[in-house]
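Visitor: Sequence:
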Amino acid sequence: MICNQSILFAAILGLGVFGTAATEAVEIRERDGWDLVWADEFNTPGQPDPEEWTYDRGLRRNQESQFYTDKPENCRIEDGKLILEARRERVKNPNFVPGSSNWKEAEFAEYTSACVVAKRDFLYGRLEIRAKIPAGKGTWPAFWLLGKSGYAGKWWPECGEIDILEYLGKDPSNIINDVHYKGSDGKHKHAARRISAGAPSEDFHIYALEWDETELRFYYDDRMTSKFTIAEADSGDENPFRHPFELRLNFALGGWGGTVDPQILPLRYEIDYVRHYQKKNQAAE
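Mapped onto mature numbering (1 follows the signal peptide of the UniProt record, and there is no 0), the consecutive letters of the sequence shown carry residue numbers -21 to -1, 1 to 264.
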C-alpha cells in the first residue's frame, strides 16, 4: 500500500484467470490443520471495538486524495460487516501550511474515507478476510501488513510490507498481491503479481495470506495466486518477514488508484470478518 509507482507497474506479472462466483458466507470458522487464534466477526453495530482497532487519520501516504477520519460516516459496523465508506466532502486539513507544496499540507481535502489498524501484532499463520471490494475510477481498497520494526528505527521499505489485497477500480478485473522490502543493495525491492480475477467487485470473496518462516503464499477464494520466498529479502540485516507486523484495512482514493470520478461516491468497502489462524503445532506452543 506504500508504493513506488514507477517500478510497480514494471514488475507486475499476469497469472491465470479465476472464476467469478461469490464465496458462500462462512459460518464454520475451523480449518483443517489450523487453529483460530483471533477474529473479529463485526457482529456488534456501531464503530469497531476500540480494544482491538485504532485509526489512521488525515492525509497519510502515496499522494492519495482522501482525508482519513474516525467518523461513523466513514467507518462503522452494520448488518454484521465493517463498512469503510469513501465520501465526497470537503474537509479542512489541520496540518495546512500556507504556501507549502507538500500535498500533506494542503488546505483542504475533497474526499473522506477510513483506514483501521489492528492493535495486536501478527507473526506467521493464516490471515484472511471475506470482503466485497468497491469498483470505480480512482478507488483503491486494500488489506495489508506493515512491519512493526518501522517503530524501532527501521522505516519503509526496510521494515517490510505485505499487500494481501490491492484493487484498482481503473483495472476492474484484476487484483494485486505484493511484497516490499529493502534489497541487499539498500534499495527498495518488491515482488508484485497482478491476478486476473473476473469481476471481484461484484460479490464477496476471500483474500488470504499463509505465512511461515520460509514463504508468503497468497490466496483468492482458497486458490493460491502467488508466493514469495522470504529468503529473497535477506540483505545482511534482520529479515523483516521474520518479525511482527501490524494489519490495516483501508479504502484509499486517488494516488496510484488514478483520478477519482466524484460521481461514483459514496462507495463502500464491506468486510464480513477478519480471522487469524495458526498451524496447530504453532498455536500450541
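Think of the hints as simulated: they come from the structure by calculation, not from any bench. The structure displayed is predicted, hence computed values, not measured ones. Ideal Cβ placement from N, Cα and C applies to all residues, glycine included. Some hints could be false.
Stated by the list, open to error - Calculated cross-link-like contacts (lysine-lysine; reagent style BS3-like; alpha-carbon spacing at most 30 Å):
1) K111 to K133
2) K258 to K111
3) K206 to K116
4) K259 to K98
5) K50 to K111
6) K149 to K133
7) K98 to K50
8) K71 to K50
9) K166 to K259
10) K166 to K71
Claimed, not checked - Taking CB as the label site, the calculated pair distances span:
11) S80 to N260: 49 to 57 Å
12) T193 to E20: 12 to 20 Å
13) D58 to H222: 45 to 53 Å
14) E192 to R69: 29 to 37 Å
Visitor: Hints first: check each against the structure and report whether it holds.
Guide: We went through each hint and held it up to the structure:
Taking the CA atoms of K111 and K133, the gap is about 34 Å. The hint is violated against a cut of 30 Å. Between the alpha carbons of K258 and K111 the distance comes to roughly 27 Å, so the proposed pair stays at or under 30 Å and holds. Between K206 and K116 the alpha-carbon distance is near 29 Å, which keeps this suggested pair within the 30 Å criterion. Distance hint between K259 and K98 is fulfilled; the C-alpha atoms sit about 24 Å from each other, no more than 30 Å.
Using a Cα cut-off of 30 Å, the hinted pair K50 and K111 holds, with the two alpha carbons roughly 21 Å apart. The straight-line distance between the Cα atoms of K149 and K133 is roughly 33 Å, outside the 30 Å bound, and the hint therefore fails. The suggested pairing of K98 with K50 holds, with an alpha-carbon distance near 18 Å, which does not exceed 30 Å. At roughly 15 Å between alpha-carbon atoms, K71 and K50 fall within 30 Å of each other, so this suggested pair holds.
Between K166 and K259, the direct Cα distance comes to roughly 37 Å. Violation of the 30 Å bound is thereby established for this hinted pair. Annotation: proposed proximity of K166 to K71 is violated, straight-line Cα distance about 36 Å (limit 30 Å). Range check, S80 to N260: about 54 Å between beta-carbon atoms, so the 49 to 57 Å window is met. The given range of 12 to 20 Å is broken by T193 and E20, whose C-beta atoms sit roughly 31 Å from each other.
At about 37 Å, the beta-carbon gap between D58 and H222 misses the expected band of 45 to 53 Å. Distance hint for E192 and R69: a CB-CB separation of about 48 Å, inconsistent with the stated range 29 to 37 Å.
The structure is inconsistent with the numbered hints 1, 6, 9, 10, 12, 13 and 14, although it conforms to all the rest.
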